[in-house]
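Let's have the full structure, built from the sequences with the hints guiding it.
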Amino acid sequence: MAVPSFLARDRIVARPGFNRWLIPPAALAVHLCIGQAYATSVYKTALVEHFDTSLTAIGIIFSIAIVMLGVSAALFGTWVDRNGPRAAMFTSAVFWVAGFLVGGVGIETGQLWLLYLGYGVLGGIGLGIGYISPVSTLIKWFPDRPGLATGMAIMGFGGGALIASPLSRQLMNYYDPAYDGTAGTVPNGEAVAALFFTLAAVYLVFMMFGAFIVRVPADGWRPTGFDPSSVKKKALVTTENVSANNAIKTPQFWLLWTVLFCNVTAGIGILEQAAPMIQDFFRNGETSTVAAATAAGFVGLLSLFNMGGRFVWSSTSDFIGRKPIYMVYLGVGMVLYVILATLGSTATWIFVLTAAIIISFYGGGFSTVPAYLRDLFGTYQVGAIHGRLLTAWSAAGVAGPLIINGVLDTQGTPGQLVAANYRPALFIMVGLLAIGFIANLLIKPVAAKWHESTATTPATARANPERSAAR
Amino acid sequence: MSHPVTDDRQSTHTPVGLIAFAWTLVGVPLAYGLYNTVKAASALFGG
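Same order as they appear, the protein sequences are chains A and B.
With the first letter of the first sequence counted as 1, position 150 gets the number 150 in full-length UniProt numbering; the numbers rise by one all the way through.
With the first letter of the second sequence counted as 1, position 28 gets the number 28 in full-length UniProt numbering; the numbers rise by one all the way through.
Quick caveat, the hints were computed from the structure, so don't treat them as lab data.
Per label pair, the in silico range of CB-to-CB distance:
(1) Gly27/B x Asp227/A: 28 to 38 Å
(2) Thr185/A x Val38/B: 17 to 27 Å
(3) Ser11/B x Asn405/A: 49 to 59 Å
(4) Asp52/A x Gly17/B: 50 to 60 Å
(5) Ile320/A x Ser42/B: 28 to 38 Å
(6) Asn188/A x Val38/B: 28 to 38 Å
(7) Tyr32/B x Phe427/A: 34 to 44 Å
All figures in this text were calculated on a predicted structure; none of them were measured in a lab.
Ideal Cβ positions, reconstructed from N, Cα and C, are used throughout, including at glycine.
In structure tokens form, the structure reads like this:
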């Protein structure tokens with residue numbers, strides 16, 4: 001599928017002397033926008049009232065978007081690698097913004113299916129393409145610090161929710177002055193529709209800015225003082241390349257898929273239930289010693305650790321290695337989950353600290369995985385391989401809430417649950433992390449038979465990306 | 001910053017102002033989000 005010439009990869013090859021520090025803000029401009037996906041809870045109740053429907057019917061919008069994220073990242077990953085980041089960011093912006101516009105029209109006209117189609121399907125495609133769009137480019141610009149580079153971008157996805165939540169409240173208050181953001185007040189549907197149209201305009205400008213400043217390095221470019229042979233000396237790190245179609249035939253891909261699935265599922269277990277969970281852990285009879293406002297503060301703290309973990313842990317992985325850092329995420333994560341299940345209700349600080357570190361590992365798992373893929377499969381089609389791996393996120397997005405909600409449903413009524421009711425779900429998460437830990441331990445370097453021929457240059461590879469697909 | 005291996009095209013210079021502008025454009029909203037989240041999280045510590 002050809003792209004217009006102004007989006008073509010050839011048009012954005014950086015000339016010698018280009019400063020690579022212009023690339024992270026280009027990536028952030030996209031990820032800060034699509035990170036809004038994690039801020040949908042601010043207008044959830046308003047949509048329930050506007051459409052006079054259930055929370056589940058509204059929650060499906062987010063589920064569709066996350067499933068479409070995984071599907072589109074997997075399907076369009078090779079296209080993204082072939083056509084470059086400008087075409088990908090531009091396309092992502094078009095879909096993401098169209099999603100808000102169609103969704104806004106759906107709210108205005110009372111057509112819920114338009115919200116499913118708009119925010120769910122179109123927006124979800126924008127999410128998937130946007131999420132992977134800068135990853136391969138950043139890895140190529142920062143071969144010396146791939147974890148730092150992808151950490152910066154994927155931190156933006158966490159940061160997007162931090163921006164969108166307060167901004168959405170302020171905008172809905174502007175469009176419906178009766179809504180002031182406090183508990184008990186709900187904005188009307190017109191205010192949510194106006195919010196959608198406003199966000200569409202803002203995100204269009206930001207994402208297009210990212211698309212037009214992004215550049216790809218020339219073939220063979222490397223940072224001053226960087227010696228590629230020094231990379232090869234590290235365990236598991238290859239200077240060879242594996243195509244996306246061959247990568248999914250290797251055990252390494254599926255082991256890493258399992259690692260990501262387990263890490264994300266375990267994290268979602270806490271994120272999904274954060275506010276009621278802290279209140280239930282410190283419930284005394286009918287009331288909790290943790291007030292609703294404090295629970296909201298806990299959710300805010302988790303968002304900070306989710307974002308911070310994406311940057312800090314991924315950057316740390318550049319020094320200690322990808323496999324060891326996942327041993328920390330999964331191994332220490334298991335210990336923390338056991339502490340949470342057994343000692344979490346004894347003191348608020350124990351609960352808050354363990355949950356916050358677990359969520360930082362959840363974020364770190366997302367941001368470190370592109371660098372892990374680079375180590376195992378090389379830079380050739382790392383964007384496409386990353387896209388296919390993100391189906392683990394979609395699967396975890398379904399499995400995580402199913403596990404936690406399914407277990408809690410058997411334990412009692414919401415609002416009357418206590419810490420002990422959470423233990424079965426938390427121990428299931430420990431088991432999942434153990435599976436992920438073993439999967440990570442089993443990861444070995446990719447067999448040479450999957451490596452691309454050394455005659456494959458980046459240019460010929462782009463021209464014929466499926467060349468080795470039949471191997 | 002760059003070290004071209006085989007690139008005989010005319011070299012360029014990225015203006016520092018452009019880099020500063022780009023980082024400001026993404027940094028200001030991020031700071032706004034961080035400020036609001038820290039303010040919300042402070043309720044956890046009795047703030």
